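Protein sequence lines, in the order shown, are assigned to chains A and B. Letter 113 of the first sequence, counting from 1, is numbered 113 in the working numbering, and no numbers are missing. Heads up: take any position in the second sequence, counting from 1, add 1000, and you land on the working numbering.
Hints were generated in silico from the structure; no laboratory data involved. The reader is advised that the hints may include incorrect statements.
Just so you have them, the derived chain A footprint on chain B, three or more residues with Cβ under 8 Å [unchecked claim]:
| id | stretch |
| --- | --- |
| 1 | 1103-1109 |
| 2 | 1117-1130 |
| 3 | 1157-1170 |
Model, not experiment: these values are computed from the prediction. From the three backbone atoms N, C-alpha and C, an ideal C-beta is built for every residue, glycine too.
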Amino acid sequence: MLKRWCLTGLLVAHGAGADNGIPVQVPQLPQRQATGAAAPVAQAAHTATAAPSATTQQATYQPPPAAARPDAALAATPATTVQRSQATGLCRLDAAPDRQNLSLLGADALPRKHVPLGEFRVQQLLHSPDGRWSLALLKLRGRAQHALMTFDLSRCESQATVELEGLPEDARFEVDAALLRVAGRELRIPLIDRSQR
Amino acid sequence: MKPIRPVQIVRLLLYSAALWSSAPAWCQSAESAYHYRVPQGWLAMRDGGVETLTPPQTEPAGSAQLLLLAPKPARGELRQQFEQERSALEGHWGLRAPQALQPQGGQVGALSWAAHFASYDSEGGQRYLGFLSLGDGQRFALLVFAASSADHFNRLVPQAIDVYRSLALR
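The task is simple: from the sequences and hints, build the whole structure.
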């Protein structure tokens, strides 16, 4: 009886992960051809929509926070780097393709600082919604050792390095801190280093 | 009733452990408007009503992400609302010259759904996006999967769709 009850409970619990049944087909998008010679009209139209009017935004969606926009999260591409830096006037953090170096780029898109990571590799970059802070999640090559670097983009400087017990499962920003959940525990990383001010 | 032997208890515990370890991670946050399965290794972030899932080890780092936008009240037919919201986001993000696949959509029980996949040009370079929505008649949910290359998109979109298929409104 107990055995049957346990098995039933386990199967029900496991079955709770059932899908919603939506039969969407997995797409494959072809690589686009370079369109560097785009018509001037299209370029002009885009420039106008880069800073959409409040009317446009309110007509449907309130725009997601800056860090939640694709162009912000995809900021690792050099072209996007130029766009963001010009828009915000802040530095931005960029990872090299080999993930062994980080660069802080100025508003003019020129490198200001270079941060070699030694044996560490960049796993992920996270950006605060207000564009003032970036976090780099790092992992030591070949070992289960993790770290986090914080960057103050208004000062264009790295701020602190914190050892982590693992990669965060969840992260969010508050005004003056990043809250990470690592190995089931919440970790508060201060983002204002008062010793430098 | 037959008594349970110790060996049966051990077997049950082993079976439980095997089931538990094979179970995917689920978003159980009380703050989330959704319930969904987080792909292994992906990082979930919340900011306001927007949840962002980023895959691990994409090069360059952060070149793909999945956004779960805050649910909105349903307005009329889902397909129509979906097209309006998608069009507004495309404009807001400066996406132009779309090359879209055939739209998908339909009804599954009480759920309506619609999906749109396309590549675009943008000021930041090429973008590859999937817009995925579902509605239960009361609320409208929208997910956006974005990548900076076709390679990233095609490699990671199955996992993004896995999130979509596991999605439930709370």
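Hints, verified against the model:
no.: 1; hint: 1103-1109; in the structure: holds (count 4)
no.: 2; hint: 1117-1130; in the structure: holds (count 13)
no.: 3; hint: 1157-1170; in the structure: holds (count 8)
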